[in-house]
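Enquirer: Sequence:
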Amino acid sequence: MMRLNVKPMNFLMTALFALSIASPSMAQVMSASSSNISDDMHKAMVSALKQQKEGLGMRVLSVEDGQHVLSGGNGRYIIKGNLTDLWDGVSNTGTMKETLPTLPPMVNPSRFFVNIGNPKGEKVLVFLKSNCSMCDTVFDVLSSPIYRDKYSFDIMLLSNDEKSKLAAEYVYCADDQIDALETLLANPQASFNQNDSCAVDTPALTTKAAMAMNIRALPMVHIKSQSLSIIGDPSAFL
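This note's numbering puts the first residue of the sequence shown at 15, with every later residue one more than the last.
Keep in mind the hints are simulated off the structure, nothing from the lab. All residues carry an ideal CB built from backbone N, CA and C; glycine is no exception. There's no promise every hint is true.
[Claimed, not checked] Listed below are the simulated DSS-like cross-link pairs for lysine-lysine, each with C-alpha atoms no more than 25 Å apart in a straight line:
| id | residue 1 | residue 2 |
| --- | --- | --- |
| 1 | K137 | K111 |
| 2 | K111 | K164 |
| 3 | K94 | K164 |
| 4 | K94 | K238 |
| 5 | K238 | K111 |
| 6 | K164 | K134 |
| 7 | K137 | K164 |
| 8 | K134 | K111 |
| 9 | K238 | K137 |
[Unchecked claim] Here are the in silico distance ranges between beta carbons for each label pair:
| id | residue 1 | residue 2 | range |
| --- | --- | --- | --- |
| 10 | K177 | G95 | 38 to 46 Å |
| 11 | T113 | A213 | 27 to 35 Å |
| 12 | K94 | K137 | 22 to 30 Å |
| 13 | P119 | A250 | 12 to 20 Å |
| 14 | E136 | M110 | 16 to 24 Å |
| 15 | P119 | S241 | 16 to 24 Å |
| 16 | I93 | D189 | 42 to 50 Å |
| 17 | Q81 | N132 | 42 to 50 Å |
| 18 | A250 | S166 | 14 to 22 Å |
| 19 | S157 | T109 | 17 to 25 Å |
Taking the hints into account, I'd like the entire structure generated from these sequences.
Expert: Below you can see the structure in the form of structure tokens.
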């Protein structure tokens with residue numbers, strides 16, 4: 015069993031890392047780096063690691079002609095094809111009855127969510143990024159006075175590319191996160207500048223938090239009282 019010596023400042027990252035699924039390639043590189051390997055082999059392993067997709071569960075061996083070459087856990091099976099990240103959005107709306115995993119109190123879950131709407135309204139969790147397909151439908155819902163009067167929205171902003179990363183940082187790093195979120199809601203496609211003086215590490219941890227909560231596709235809305243997840247346009251279910 016691996017024993018981790020965790021410094022206090024790294025406690026939150028370690029807790030979230032333990033909740034999410036560790037990349038097989040990361041484990042291999044960690045174990046191989048302690049053995050006697052050549053410089054060329056080490057460079058190849060580092061290069062492969064940079065191509066990995068967090069949460070994929072398979073190793074990315076290479077990218078050939080725009081197609082990803084993937085290897086299964088034991089290396090026996092190889093798959094070559096197009097890789098689709100459902101965090102880029104969906105084209106159709108679907109629902110699922112489920113109870114989402116909750117983040118443990120030790121990681122201070124509220125830090126990952128920005129709340130708008132009626133504090134006494136029905137609790138709804140929202141997971142989206144600034145530029146995913148069908149996320150515009152969720153932005154419309156969040157901007158509607160009718161929905162805001164009825165629901166209390168806890169919103170987690172995610173990212174998997176540079177544009178959505180800058181948008182998420184703009185909100186999480188702001189002194190007034192609600193005001194920053196309102197700016198994003200008014201213009202989701204706005205360009206935001208790099209924030210080099212962010213006082214919080216929340217943007218870097220939201221991916222692990224979402225993975226720990228089994229957020230598979232965006233946009234996703236979860237109505238807690240109904241144990242109902244809606245992937246896509248939620249307006250018909252609210």
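Enquirer: For a quick check of understanding: which of the numbered hints are violated here, in increasing order?
Expert: As far as the earlier hints go, 3, 4, 10, 12 and 13 are violated by this structure, in ascending order.
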